Every structure is written in structure tokens, then in C-alpha cells.
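Asks: Sequence:
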Amino acid sequence: QRQMCIRDSCDVLSKLSAKSDSKAMEIGCGSGLVTMVLSALGWEVTSCDVNPFAVACTRGNLEANGLSDRASIIEADFESDFLIEAVDALKPNNIINFAALAYANSWTKSSRYYDTNITAVSKICEYLSTKSYLKKFLQVGTSELYGSVNKPVDENYPINPPSPYSVSKLAADMHLETMFKVKKFPMNDGSPWEDPKNNFHTQYNYNRGALPILDHLLIRTIGLNMPSKMNDNTRDNMMNDLLVTLNNLY
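Numbers given in our numbering equal positions in the sequence shown, counted from 1, plus 243.
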């Protein structure tokens, strides 16, 4: 597993070196880790988040790494027309969508989860379906589709969504898969716990011993500095999201 992490991580980085038209938008940027890595690799990136603290965190991390001039950051609601205008201004080849309404108890005001996680996704993807500049829309999924599990699961595992949040995410995945089949929409659906036999990020998720290797390969070798005050679980989740993204972009 450790050797596979090294090999596949290097392979990903080599294939993601920026080309002349490498433009990406990260929706739901959080800490900005994906934005930082792509920016450090030479991509032109715009990142956005509805949470002002996430926007500030991304901006601070970019500044700390000397990448402020390589990425743009905006505060935008996923459901607003302003986001669509920003997409059209950048004309990104790749869009990475982390954005989702996700709180512990989605049974309260559950309709909001459908508004954000499926209606807003379908709106922006319908708009993008006519845009020739888009090469790939990466929808980052959730393992919660399978309910409570105690082992890695693949796509053949029975779906058992336990909440409005997971149902809304499942609906978005199914909508995009149907768009791909019927309209040839260039989507890809990535999940940190998907296909454990083949995807290195899943092996990483269940092998914490690989954390220092991936941290070194994907962060330190391209000159990035991450906040030092970060517990293992937080760093684990961030690296998992990063690996899902990079593995699905090339």
C-alpha cells in the first residue's frame, strides 16, 4: 500500500503539470488546499465559498505560500447567478465541486439540502452543458450514501442513505450520471471511499501510515506550507479530498 501511494501520487503530479489552457474553478474551497496545489503546479485557478471564514482561510494560505497572484478567491452562494457569471468570466476547463449543504442533522429544514445539493447543481450544470470550454465537471461525492459501514465499500455495495443530506447528494450524482449518458455532459463523480481495490486514495483512507508519505509528496515537494496546528483527522480528510480531486482531473 505504501509503495502504491508513492507511485500513484508521483504519477498524478506529473500528469497535472499545467498546460497553456489549464484553468480550474474550485467551488466550496474550504481551506483552499486543492486551489493551492493546482496553483503551485501552474494552473490558473478561481476558488469560491459561501463561508467568509473559508474564503479568509484560503486567502491566508495562498498568501503564506506566495501564491496570491496565481489564484482568485470570491465569496459566492452556490445558488446565486453571480457564481455563474464568475464561471463564464474564467471559462475553466475543469470545475471541482465540493459545495454542499452538510450539517449534522439534515432533518431540520430538510428542503434546503435539496435546494443546494441537487437543484443548484442541476442549474449550473445545465448552464455549463452548452459551454465548449468545459472539459470536466468533477462532483465530489460522499460515503454517507452507503449508511454506516465498518469497511471500505465499492460502487456495488447497497445504497442506504440515512438522511436528507445523503439522499440529496445521491440525487445529484444520479442526475449528473444521467446527463453524462443522455447529454454527454463531461462529468466525473469522485468519492474518497470508492472502489477500494483500485483507487489509491481509498487505500490511504484506511492506512494512516501512508499519511506522512502523501503529505511529503503532494505538499512539501511542491513547496507548500500547511498550518502546523492541525489534528490528524483534519489533515486526513483534507488529503483525502485532495487525492480524490487530483486522481480524477487527469
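Read the hints as simulated data drawn from the structure, not as lab findings.
Predicted model, so just to flag it, every value in this text is computed and none were measured.
Do not rely on the hints blindly, as some may be mistaken.
[Said to hold, decoys possible] Taking lysine to any residue and the SDA-like style, the derived pairs with C-alpha atoms no more than 20 Å apart in a straight line are:
#1 374 / 287
#2 374 / 312
#3 366 / 402
#4 378 / 259
Asks: Of the hints stated earlier, which fail here?
Replies: 2 and 3
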